[in-house]
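Student: Sequence:
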Amino acid sequence: MRIGVMLRAFEEQGGVGVYTRNVTRHLLRAAPQHEFFLYFGRRQDLGAFAEFGNAVERFVPLGNKAIWDQVKMPIRFYRDRLDALFHPKFTVPLLCGRRSVMVLHGAGWFIPETRHYWSRTTRLYTRMMMPIYCRRAGAVLSVSEITRQEFCRRLGVPESKITTVYFAPGEQFAHPVDRAGIDQVLGRYGLEPGFILTLTGGDRAERKNFATILEAFRIAHAKRPCKLVVAGRGCEDFRERYAIPDSGYGADIMFTGWVDQQDLPALYRSAALFLYPSNMEAFPIPITEALASETPIVTSDAYGLRELAGDAALLADPSRPGDVANAMQKILENDELREDLRARARLRSERFDWGRCSRETLEILEAVGRR
9 MRIGVMLRAF
19 EEQGGVGVYT
29 RNVTRHLLRA
39 APQHEFFLYF
49 GRRQDLGAFA
59 EFGNAVERFV
69 PLGNKAIWDQ
79 VKMPIRFYRD
89 RLDALFHPKF
99 TVPLLCGRRS
109 VMVLHGAGWF
119 IPETRHYWSR
129 TTRLYTRMMM
139 PIYCRRAGAV
149 LSVSEITRQE
159 FCRRLGVPES
169 KITTVYFAPG
179 EQFAHPVDRA
189 GIDQVLGRYG
199 LEPGFILTLT
209 GGDRAERKNF
219 ATILEAFRIA
229 HAKRPCKLVV
239 AGRGCEDFRE
249 RYAIPDSGYG
259 ADIMFTGWVD
269 QQDLPALYRS
279 AALFLYPSNM
289 EAFPIPITEA
299 LASETPIVTS
309 DAYGLRELAG
319 DAALLADPSR
329 PGDVANAMQK
339 ILENDELRED
349 LRARARLRSE
359 RFDWGRCSRE
369 TLEILEAVGR
379 R
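If you're matching positions, the sequence shown starts at 9 in this note's numbering and goes up one per residue.
No lab work stands behind these hints: they were computed from the structure.
A couple of the hints might just be wrong.
To be verified - List time: in silico DSSO-like cross-link candidates among lysine-lysine, alpha-carbon distance up to 30 Å:
hint: 1; residue 1: K80; residue 2: K169
hint: 2; residue 1: K338; residue 2: K235
hint: 3; residue 1: K169; residue 2: K97
hint: 4; residue 1: K97; residue 2: K80
hint: 5; residue 1: K231; residue 2: K73
hint: 6; residue 1: K231; residue 2: K338
hint: 7; residue 1: K73; residue 2: K97
Produce the entire structure from the sequences given, and follow the hints as far as they go.
Tutor: Dropping the structure here:
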């Protein structure tokens, strides 16, 4: 079978990028009997899968995304005589019939509490086009059950059309980190173990609920001195944006800036807890990373955060800093609870596996390709 993969999101650093890179690699491993045509939007990404004999890499200059999806990809689809076409993101080429598969990474555009994160133009475009994409696709994957339910309920997509397939954290979390490696990473960032870890980014402060993180830390810090490590691209700007030097506890908040993906396992394993009271996420990869690292978690009792964390985290109302702080204190003050959460995380993390993800994805691609 000849399967195409649209890789214009290959270089993205967020969850979609992690998914795109890993699911492609694991599909290649899982199906050596199939030939995969990999379409990159940037020339410099060519060679990313050169070690696979069943990979045929193509450069299709990106330019305008809509033209890439709806004009350039149908041309490649028919020229390369593909049986199925997989897009790890939200769209499908409308001219490829029903032999395409796309992935839903969230429904935030349609949810009243979170739709303001996107421009009105984006919301209108998505509301207009997403039902069309779902109808034209041969099959649709969803990264979480809550996302599948939201699309079925709000857009009227038939439940039989969407299949939930969980993915997993990056492969670096599948390998143990020794003490020397942890010490080396901590030294690189000037950290001592036992901190509270949170991940965010300069352009996602509201979505990641950073104001609540700060207030919850202030409450917890007043009762028990602790340190907060904030990691993510552009987070250094928060120091001035949130007047942290004048807060009275600013000396105990450290900003690492962007953290190399290979360093993340050491940070998680060095943390006393992972704090992630995000307002809304469909598949919060940091939750799966913390689970794989057996790090106690405080997260939101909402959407995909609750779905992924299950009983391996303490859940709190993300709109109430006091609730978040209380959950933090329970973990910081209770050794038995911390060990219980670590054990639960170890079991919970088994649900998120790239091997399973690639097998389930491949079954759907093969079914679509046989039509």
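Student: List in ascending order the numbers of the hints, as given earlier, that are violated by the structure.
Tutor: Hint 5 contradicted; others consistent.
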